[in-house]
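Chemist: Sequence:
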Amino acid sequence: MINTRPPAVAGAFYPGDPGLLSNTVDQLLANAKAAPDGQPKALIVPHAGYVYSGSTAATAYATLAPWATTIHRVILLGPTHRVGVDGIALPESEAFSTPLGTIRLDAQAIAAIADLPQIVFSDHVHAYEHSLEVHLPFLQRMLEHFTLVPLAVGHATPEAVAEVLDRLWGGPETLIVVSSDLSHFLPYATAQRVDSDTCRHIAQFDTRIHPEQACGAYPINGLLLAAHQRGLTPTLLGLCNSGDTAGDKDRVVGYAAFSFTEADNHV
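Residue numbers (numbering that gives the first Met the number 0): 0 to 266.
No lab work stands behind these hints: they were computed from the structure. Every residue gets a Cβ at the ideal spot worked out from N, C-alpha and C, and that includes glycine. One or more hints might be untrue.
Claimed, not checked - Ranges between beta-carbon positions, derived for each pair:
(1) Pro-17 - Asp-205: 36 to 42 Å
(2) Asp-114 - Gln-26: 42 to 48 Å
(3) Ala-29 - Gly-83: 37 to 43 Å
(4) Ala-7 - Asp-165: 29 to 35 Å
(5) Glu-93 - Thr-69: 20 to 26 Å
Kindly produce the complete structure, drawing on both the sequences and the hints.
Modeler: Pasting the structure below:
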């Protein structure tokens, strides 16, 4: 048997029953807006419970439909919520599982970055972290077959994250996904202003996003550095907050979805 990380938040952040989970994801994707031109090289996608941010996440994942057979490696980066880490943590496990099945980790890609000083290996960091796990069912429903490089990003500079991305950049077969929500627990109108401003900074490749603006600030800043250096074009796909979906408007959490396309990759 291979060493597999089991799902930690199935039945909480998303349905634990495989049939219900498939139907939920498929319905969210069916309701998503049309995809922009070009194959996305990278996405920024929120990671709250599906009832809150699933519709926004679906606007990002729906863009992958034309390339479901092209993409077969996903570099997935997200912040750490439960266990602090200096640098970027990879798991020691060989696979991640969800109610929809098992995803093998990309051993070759992991070997290609294992020597970097910012990389550490820790199953403990990954064991209960939801910021990566919640994306897996969307990827499993959208892509025919893929391997995974799950990166839990703690305190890391934009340069440290971009260095990892540069080594793993690849071609059309490789998709980069950065997991992040936006502001947390502000009143509805305040959150709208703050989150709109954050989205403007992301669109301008500002690598000084703070964790108060986006909990995934560290991986976002690294992606923005790498994306700017490679001439990618950002597109805001969706922006809302929990007050628009399933929460009250007194203390909301913000969600945005972005795609980044390469200049020579438009249809």
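Chemist: Decide, hint by hint, whether the structure agrees.
Modeler: Hints, one by one, checked against the model:
With their beta carbons about 41 Å apart, Pro-17 and Asp-205 fall inside the hinted range of 36 to 42 Å. Range check, Asp-114 to Gln-26: Cβ separation about 43 Å, and the 42 to 48 Å hint holds. For Ala-29 paired with Gly-83, a C-beta distance near 39 Å keeps the hint of 37 to 43 Å intact. As the Cβ distance of Ala-7 to Asp-165 is approximately 30 Å, the hint placing it in 29 to 35 Å holds.
For Glu-93 and Thr-69, the hinted distance range of 20 to 26 Å is satisfied, since their beta carbons lie about 25 Å from each other.
When each numbered hint is compared with the structure, no violation occurs for any of them.
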